[in-house]
Amino acid sequence: GAVVSQHPSWVICKSGTSVKIECRSLDFQATTMFWYRQFPKQSLMLMATSNEGSKATYEQGVEKDKFLINHASLTLSTLTVTSAHPEDSSFYICSAEGQGARYEQYFGPGTRLTVT
Amino acid sequence: AQSVTQPDIHITVSEGASLELRCNYSYGATPYLFWYVQSPGQGLQLLLKYFSGDTLVQGIKGFEAEFKRSQSSFNLRKPSVHWSDAAEYFCAVGAGGTASKLTFGTGTRLQVTL
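Heads up: the protein sequence lines correspond to chains A and B, in order. Numbered per the numbering used here, the first sequence finishes at 120, counting up by one with no gaps. Numbered per the numbering used here, the second sequence finishes at 117, counting up by one with no gaps.
Chain A extracted, bound-state conformation (with noise of 0.2 angstroms):
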C-alpha cells in the first residue's frame, strides 16, 4: 500500500527557535497533503491542507505566520513551526491524498515535537 513518512519521528528544540517537519510521500503523488495535531489522549485536530503548488488552507484557530506550510512537489509538504513554544509541544501527523482519490488519505508516523 501507499507509504508516507514523516522526518523526524522525534524532535526537541529550545524556546524561540523553529523546528521544520517534513512529510514525504514515498510511492505514490500526493496533491493534497494534510496536517493534523494530536495532543494526549485527544483526537486528531486538522490544521491545515495543502495543495502542491498553492498556498495552504488553514483551519479555523490556527496561527498562519506561526505554523508554516509548503507544499513545494507532490512527494513532499513541510510544517515549519516558527517561534516555538512550550504549548507548541504535541504530535503532529501528516496525511497524503492521491489525485483523484478522495477520502484515500494516507497517514504518516508522526512527529513527537518537545518545546523546552
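Among these hints, one or two may not hold up.
Stated by the list, open to error - Simulated pairs of lysine to aspartate or glutamate, DMTMM-like, Cα-Cα distance not exceeding 25 angstroms: (1) Lys71/B x Asp57/B; (2) Lys52/B x Glu67/B; (3) Lys104/B x Asp31/A; (4) Lys45/A x Glu18/B; (5) Lys71/B x Glu108/A.
Think of the hints as simulated: they come from the structure by calculation, not from any bench.
Guided by the hints, dock chain B onto chain A, whose structure is given.
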C-alpha cells in the same frame, strides 16, 4: 459543522471475545464515515469506510461496521479479538465538498487480555 462522538475512552476485552466500538456522528447530510486504527510508532491505518450503498461494511483484519442512519451511528465490530488488535481506534466523518477534510472522534483505546 460535523462532529463525532466515541463514548468509550477505554475498553478491555479478552482474546477471542467479540468487540463492538461505538461511534455516533452529527452531520446534516449523508456522511462519509471511516474507522482508523493507530498503533504506537505507526501511522493511522484505514480499517473501513462507508460512502453509500450497503450499510454493512467489511474491512481489513476481520472488522466490520454498520451504518445506521436512524441512530446516527457507525459502530465497529469484530467477532473474535486477537491480542494484536490492541490499539487506539478512531472514528471519523468526512463532510464532502471540495476537500477531503476529516473530523475525528476522541478515540477508544482497546486493551486485550490473554
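query: Which hints, by number, does the structure contradict?
result: none
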